[in-house]
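K.L.:
Just so you know, the sequences run in chain order A, B and C. Here this note's numbering = 1-based position in the first sequence + 607. Here this note's numbering = 1-based position in the second sequence + 189. Here this note's numbering = 1-based position in the third sequence + 44.
Watch out, some of these pointers could steer you wrong.
[What the hints assert, rightly or not] Just the calculated beta-carbon pair ranges, DEER-fashion:
#1 C:L369 x A:E752: 22 to 32 Å
#2 B:P476 x C:L138: 46 to 56 Å
#3 C:L57 x A:K732: 52 to 62 Å
[To be verified] Calculated pairs, SDA-like style, for lysine to any residue (alpha carbon to alpha carbon, straight line, at most 25 Å):
#4 B:K277 x B:F262
#5 C:K47 x A:E733
#6 C:K170 x A:G678
#7 C:K170 x C:P351
#8 C:K372 x C:R357
#9 A:K732 x C:K170
[Stated by the list, open to error] Every beta carbon over 12 Å from chain C, so not counted as near; a handful from chain A, in silico:
#10 G648
#11 G673
#12 H742
#13 K810
#14 T844
None of these hints come from the bench; they were simulated from the model. C-beta: ideal position from N, C-alpha, C; glycine also.
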Amino acid sequence: MTKPILKVENLGIRFGGLQAVDNFHLEIGKNELVGLIGPNGAGKTTVFNMLTGVYQPTEGTIELEGVKMNGKKPHQMVEAGISRTFQNIRLFKKMTVLDNVKAAFNHKMHYNLFESMFRCGSYWKEEAEVTVQAHELLQSVGLDEYADQLAENLPYGQQRKLEIARALGTGCKVLLLDEPAAGMNPTETAELMNTIFRLREEKGLSILLIEHDMSLVMGLCERLVAIDYGRIIAEGTPYEVANNPKVIAAYLGAEEEQNAESK
Amino acid sequence: MPQELIVFIKHLINGVQVGSIYALVALGYTMVYGIVKLINFAHGDFIMVGAYAALFSIPVLTGIGLPAWFCVFVAVAACALLGVVTEKVAYKPLRNSPRISALITAIAVSLLLQNLFMVCFTSSPRPFPEIFHVPDLRLGSIQINGVAVLTIVLSAVLMIALQLFVQKTKLGRAMRAVSEDSEAASLMGISVNRTISMTFAIGSGLAAVASVMYGSVYPLIDPYMGSMLGLKAFIAAVLGGIGIIPGAMLGGLVIGLVESLTKAYINTQLADAVVFGILILVLIIKPEGIFGKNIGEKV
Amino acid sequence: MKKNLRSYGINMLGTLLLYAAMLLLMSSGMMDRYYQGILMSVFINVILAVSLNLTTGLLGQIALGHAGFMSIGAYTAALFTKALSSTLESASPLTSGAIFLVALLLGGLVAAFFGLLIGGPVLRLKGDYLAIITLGFGEIIRVIIENLSFTGGAQGLRGIKRLATLPMTFWIMVIVVILLFTLGRSRQGRAIIAISQDDIASEAAGISNTYYKIMAFTIAAFFAGIAGGIYAHYIGSLTAKTFGYAKSIDILVIVVLGGMGSLTGSIAAAVGLTILPELLRELLGDFTEYRMLVYAIALVLVMLFKPSGLFGRYEFSLTRLIDRLTGKYKPGKKITGKETAVHD
Numbered sequence: 608m609t610k611p612i613l614k615v616e617n618l619g620i621r622f623g624g625l626q627a628v629d630n631f632h633l634e635i636g637k638n639e640l641v642g643l644i645g646p647n648g649a650g651k652t653t654v655f656n657m658l659t660g661v662y663q664p665t666e667g668t669i670e671l672e673g674v675k676m677n678g679k680k681p682h683q684m685v686e687a688g689i690s691r692t693f694q695n696i697r698l699f700k701k702m703t704v705l706d707n708v709k710a711a712f713n714h715k716m717h718y719n720l721f722e723s724m725f726r727c728g729s730y731w732k733e734e735a736e737v738t739v740q741a742h743e744l745l746q747s748v749g750l751d752e753y754a755d756q757l758a759e760n761l762p763y764g765q766q767r768k769l770e771i772a773r774a775l776g777t778g779c780k781v782l783l784l785d786e787p788a789a790g791m792n793p794t795e796t797a798e799l800m801n802t803i804f805r806l807r808e809e810k811g812l813s814i815l816l817i818e819h820d821m822s823l824v825m826g827l828c829e830r831l832v833a834i835d836y837g838r839i840i841a842e843g844t845p846y847e848v849a850n851n852p853k854v855i856a857a858y859l860g861a862e863e864e865q866n867a868e869s870k
Numbered sequence: 190m191p192q193e194l195i196v197f198i199k200h201l202i203n204g205v206q207v208g209s210i211y212a213l214v215a216l217g218y219t220m221v222y223g224i225v226k227l228i229n230f231a232h233g234d235f236i237m238v239g240a241y242a243a244l245f246s247i248p249v250l251t252g253i254g255l256p257a258w259f260c261v262f263v264a265v266a267a268c269a270l271l272g273v274v275t276e277k278v279a280y281k282p283l284r285n286s287p288r289i290s291a292l293i294t295a296i297a298v299s300l301l302l303q304n305l306f307m308v309c310f311t312s313s314p315r316p317f318p319e320i321f322h323v324p325d326l327r328l329g330s331i332q333i334n335g336v337a338v339l340t341i342v343l344s345a346v347l348m349i350a351l352q353l354f355v356q357k358t359k360l361g362r363a364m365r366a367v368s369e370d371s372e373a374a375s376l377m378g379i380s381v382n383r384t385i386s387m388t389f390a391i392g393s394g395l396a397a398v399a400s401v402m403y404g405s406v407y408p409l410i411d412p413y414m415g416s417m418l419g420l421k422a423f424i425a426a427v428l429g430g431i432g433i434i435p436g437a438m439l440g441g442l443v444i445g446l447v448e449s450l451t452k453a454y455i456n457t458q459l460a461d462a463v464v465f466g467i468l469i470l471v472l473i474i475k476p477e478g479i480f481g482k483n484i485g486e487k488v
Numbered sequence: 045m046k047k048n049l050r051s052y053g054i055n056m057l058g059t060l061l062l063y064a065a066m067l068l069l070m071s072s073g074m075m076d077r078y079y080q081g082i083l084m085s086v087f088i089n090v091i092l093a094v095s096l097n098l099t100t101g102l103l104g105q106i107a108l109g110h111a112g113f114m115s116i117g118a119y120t121a122a123l124f125t126k127a128l129s130s131t132l133e134s135a136s137p138l139t140s141g142a143i144f145l146v147a148l149l150l151g152g153l154v155a156a157f158f159g160l161l162i163g164g165p166v167l168r169l170k171g172d173y174l175a176i177i178t179l180g181f182g183e184i185i186r187v188i189i190e191n192l193s194f195t196g197g198a199q200g201l202r203g204i205k206r207l208a209t210l211p212m213t214f215w216i217m218v219i220v221v222i223l224l225f226t227l228g229r230s231r232q233g234r235a236i237i238a239i240s241q242d243d244i245a246s247e248a249a250g251i252s253n254t255y256y257k258i259m260a261f262t263i264a265a266f267f268a269g270i271a272g273g274i275y276a277h278y279i280g281s282l283t284a285k286t287f288g289y290a291k292s293i294d295i296l297v298i299v300v301l302g303g304m305g306s307l308t309g310s311i312a313a314a315v316g317l318t319i320l321p322e323l324l325r326e327l328l329g330d331f332t333e334y335r336m337l338v339y340a341i342a343l344v345l346v347m348l349f350k351p352s353g354l355f356g357r358y359e360f361s362l363t364r365l366i367d368r369l370t371g372k373y374k375p376g377k378k379i380t381g382k383e384t385a386v387h388d
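Start from the sequences and build out the full structure, keeping to the hints where you can.
P.N.:
Dropping the structure here:
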């Protein structure tokens with residue numbers, strides 16, 4: 608692998624007495640698609656929250672292109688080039704589809720308060736540029752025809768795509784997707800995965816994808832990292848990970864627990 | 190004993206007295222916030238309603254030969270009813286709306302009560318008669334006002350009773366359960382609506398007791414008396430940690446003392462500003478309040 | 045751009061017509077001092093409402109200390125013109141107008157400075173707590189003004205030159221409305237609205253919540269300060285009591301009834317709620333006692349039946365109205381037949 612874009616070493620976080628994530632490490636190269644898997648409650652989203660600055664890790668380092676990112680706030684992570692989507696969709700519901708994407712361009716825009724209040728030339732110029740770019744992004748996820756609709760009026764599957772378009776609007780290098788297919792039917796899922804794959808090629812993105820359904824990531828990712836109880840239990844090619852006895856045990860254990868609960 | 194010390198102790202007792210009234214009111218805020226996560230802006234005005242109810246019932250009570258202090262019961266009944274009705278009519282329909290709507294409604298109910306009473310009974314203050322005839326207490330050279338002792342003792346008894354109620358009774362357990370997770374509570378067979386009504390009734394009833402005690406200290410009542418009193422009690426609740434019963438008591442005492450001492454030794458007009466200053470400091474430094482970490486006591 | 049120019053033209057024309065109508069009514073004597081006073085209150089309330097609409101409507105936070113900022117602006121501007129009173133005695137109308145404008149600007153800036161100062165700690169909170177802490181700051185400002193000597197203490201400030209004229213205030217109001225409208229439709233406005241929609245997602249979209257929240261709060265304070273300055277130079281005297289909690293609530297009622305987030309809603313509500321009591325006074329006799337009662341009932345009813353306010357987020361547009369009347373209006377594409385979606 609060439610020099611990694613995102614490099615995470617010995618990452619850990621403690622909530623009170625609970626070590627939620629411990630000694631997590633990860634390297635993602637340019638244009639690589641890595642899956643982060645594990646049963647429910649394994650700590651996948653906690654890892655995401657640390658990578659995006661929502662939680663501050665209590666130990667370890669996060670490096671983006673060799674620059675240490677610890678202590679950065681979420682919006683600073685975005686400025687540096689890490690962007691994300693959410694497991695439970697978080698859109699700006701009462702804003703239009705187009706404005707949802709344009710909001711993500713904000714940190715790259717320059718016209719100041721005075722220029723927007725008095726509608727100076729820089730306002731018109733930059734707004735026009737960003738509008739074109741936002742439309743292009745919407746086109747690439749197939750939402751451009753809904754540009755003027757309110758985000759809340761989109762069907763569920765389209766809302767997920769809008770979230771991805773918004774994340775891309777930030778101009779990120781690393782995209783973190785938190786269960787992007789949750790709540791979708793198989794057809795929608797397949798279509799979404801195709802879109803993700805295509806966008807990665809087009810934009811040269813590095814993607815880290817959370818999924819608890821293993822079958823979904825098997826065909827898509829080059830590499831998988833499996834965690835359980837906040838620790839890495841296996842990593843490697845999808846085939847290796849899927850056949851790792853610890854991973855099988857973790858998933859079986861989770862299933863057994865679920866079965867026991869349902870009884 | 191030097192004169193200054195006697196004066197100081199008098200101010201302390203005065204602070205504790207007013208503080209216990211704040212604590213009673215703060216309990217209402219805390220219980221309601223704990224259970225519906227809403228600052229009931231109208232709670233202060235419930236006090237005002239209680240005071241008027243007590244005032245108007247006194248001639249009737251004495252007319253049928255009952256002692257005047259029975260007006261406490263009338264006030265409690267009136268406020269409990271008002272609390273339950275307000276919740277049912279104004280807050281319940283908005284339980285699933287954005288928080289901002291519920292908050293505005295609470296402000297609106299407060300405005301409604303104030304102005305309704307203003308229109309009905311004019312804004313001129315009415316004297317509140319002396320209804321408790323308690324002999325003063327003498328401790329050496331210090332003379333303590335009997336009503337002050339009564340207020341402090343009564344508040345303490347009510348607070349302990351409330352704490353026992355919440356901890357030991359079935360209804361109290363239901364209240365704690367609903368405040369933790371109302372959905373889970375309803376799945377366990379607890380009637381959420383009834384529990385919320387009960388909480389409003391108890392909180393408002395305590396406000397009614399506070400109103401009568403307040404009337405005994407500051408014997409003038411007017412339609413706006415509740416707003417500042419309510420705000421200070423709310424600050425007490427935040428100071429102690431909102432949702433926490435012992436926190437409300439401690440917060441009430443602290444606010445009462447600070448206010449009394451500021452009035453005595455700094456400047457009467459600055460007392461309100463100092464109390465608001467405390468609020469701002471608490472919210473900035475430790476928004477969860479003094480007892481904030483103590484989640485187990487949440488109601 | 046072309047469409048925008050046309051729209052600007054139409055609105056400019058509409059504003060000029062309003063202005064002309066006002067001048068005509070004033071010069072023909074159909075509008076006496078009493079009505080002029082009402083109109084002045086309307087203008088001031090519009091400025092207050094559209095500025096609070098930035099915090100409450102766009103940012104989505106209830107602020108109960110707006111009158112505090114208004115009072116800072118009022119006192120600053122009044123003290124400034126009082127300091128220059130000897131110059132003003134002999135000044136030409138043009139010079140005194142300029143001094144008045146500088147006073148307003150100064151009042152706005154000082155109010156904004158306090159907004160910035162208070163905004164940092166205040167905006168770490170949200171919802172109920174933010175409401176209460178702004179109320180607290182508003183009251184503290186009032187108490188401090190009451191206890192300072194250079195503000196005239198509890199007696200207040202008297203003998204402020206009445207520099208605020210109707211035509212001038214009209215144009216100031218128009219400019220404030222325009223500036224807040226353009227702000228709402230810019231990257232800054234988008235960021236502020238995004239924060240109100242979902243403050244976790246806004247950070248994840250690269251928006252610095254703290255920065256834009258403080259920006260909104262400070263700008264709102266600035267314009268409230270300007271409104272205060274106008275008020276001071278219209279009434280001619282100031283007492284801190286005027287700017288208490290009740291005044292803040294008054295402004296909030298206007299914004300909420302008009303529709304949080306709708307600038308035209310705020311304007312309509314400001315006009316309506318200022319004129320209505322006066323109208324009712326003519327019809328029903330003295331109405332002042334019932335005014336707040338009616339407000340309160342209206343507020344409860346609106347919250348119960350149309351929580352988004354009368355206008356919601358809808359903006360009235362003169363251009364669209366004209367297009368509708370001339371049959372040129374084409375509604376945008378709507379999503380039809382919402383797909384059923386699986387939620388977990």
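K.L.:
Enumerate the violated hints, using their earlier numbering and listing them in ascending order.
P.N.:
Numbers 3 and 9, in rising order.
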